[in-house]
Amino acid sequence: MSFTLKTIEEEKMNQKEKKIVSLAAAFALVFGVAPAANAMHIMEGYLPPKFCIMWGVICIPFLVAGYLSIKRTMSKHHRAITILAMAGAFVFVLSSLKIPSVTGSCSHMTGTGLGAILFGPSAVSILGIIVLIFQAILLAHGGLTSLGANTFSMAIAGPFVSYAIYKLCKKLKVNKHVGIFLAASIGDLFTYCITSVQLALAYPSENGGVLVSAAKFLAVFAPTQVPLAIIEGILTVVIIIGLETYAKSELTDLGFMNGGEN
Amino acid sequence: MTKTKKTVVILLIIAVLIAIIPLFALKGAEFGGSDDAGSVVVTEITGKDYKPWFTPVMETWIGGELPGEIESLLFCVQTGIGVAVIAFFMGRFVERTKIENQKKKIK
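First to last, the protein sequences are chains F and L.
Each residue of the first sequence is one higher than the last, beginning at 1 in this note's numbering.
Each residue of the second sequence is one higher than the last, beginning at 1001 in this note's numbering.
Keep in mind that the hints were calculated from the coordinates and are not lab data.
One thing to keep in mind: the hints can contain errors.
What the hints assert, rightly or not - Here are some, though not all, of the chain F residues that point toward chain L, as calculated from beta-carbon distances under 8 Å: (1) Gly-104; (2) Leu-138; (3) Lys-216.
As the list claims (entries may be wrong) - What follows is a list of derived Cβ distance ranges for each label pair: (4) F:Val-212 <-> L:Val-1094: 49 to 57 Å; (5) L:Lys-1107 <-> F:Pro-61: 23 to 31 Å; (6) L:Ile-1099 <-> F:Pro-61: 19 to 27 Å.
All values reported here derive from a predicted model rather than from experimental measurement.
The beta carbon of each residue, even a glycine, is placed where N, CA and C say it ideally should be.
Just need the whole structure built from these sequences, with the hints factored in.
Here it is in structure tokens:
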């Protein structure tokens, strides 16, 4: 009796395993058919000078606003400088980790969501540009000529979307951590959407123009970035939980703890 | 283990799994970098080889491409700086909370 029970149980296990394997296979297949290519930042020298200057100019007001915003926050809550340093370091770490993705190529995260949620989106533009300059000069990753465009996508557009989603979730009374997860991961994805659009504007397709070209670039970037965006969301939530536990007073200074459930 | 601790551990495990699984699921995949792949799409769209009009300053300085090992070293430096800052401040926060809690107990 016990023997038959055992075999039935084993069979059940096998069925379950089979289900898991086939699910995983389907998952891999869906993502696997996407072309194995991606780009993290726009490469040095790949953006025509006209566009380099244009994106650079667009960034300037955001950077000025970011500088002023950081200055204001620091003079009001001097202690929060430690949290700002951590948010900057978070961008440093996440944008240096190249993670393998389901498409068979690597990409990295942006890490800008955390700063955007804690300090507002414009402050992150300063943190982001520091990382981008570091990578452009020392790592030949991204580039000085495409710095403006990369700053706009990673340090301005992404954080602004993160911030907007975070605020929206707060208003809709979504669980705080779920809101942070969504904000960080969608902001990360949006960065790569903007990169696609930027490349498409510079390289419109001969038949179909900018939109076709944008779709092409997006098809290349998006599948690689989706799992990474999820990781970024998770890591941001983990850091926030850590800060909530150990640095409550600083977060209260920044107005983060108000209106939360905790 | 408290509930928060459990959540954090579970979240971290999920994050690591998402990162690691493709490595095993897609055996033999290249997991190549990005720069070349991006230029391939540009070539595909414009229909001709695109010549970058500016070479990275580092490549101009050392007169060639950055060796792979050095590149990974620099990436590690970047990660290291970030982790150091986060760990340093997090450590301070943790200790501070501990001391504050002890003070509360004495009172």
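To see whether the hints hold, each was checked on the structure:
no., hint, result
1, Gly-104, "holds, 3 Å"
2, Leu-138, "holds, 5 Å"
3, Lys-216, "holds, 6 Å"
4, F:Val-212 <-> L:Val-1094: 49 to 57 Å, "holds, 53 Å"
5, L:Lys-1107 <-> F:Pro-61: 23 to 31 Å, "violated, 51 Å"
6, L:Ile-1099 <-> F:Pro-61: 19 to 27 Å, "violated, 44 Å"
Hint violations for this structure: numbers 5 and 6, all remaining hints satisfied.
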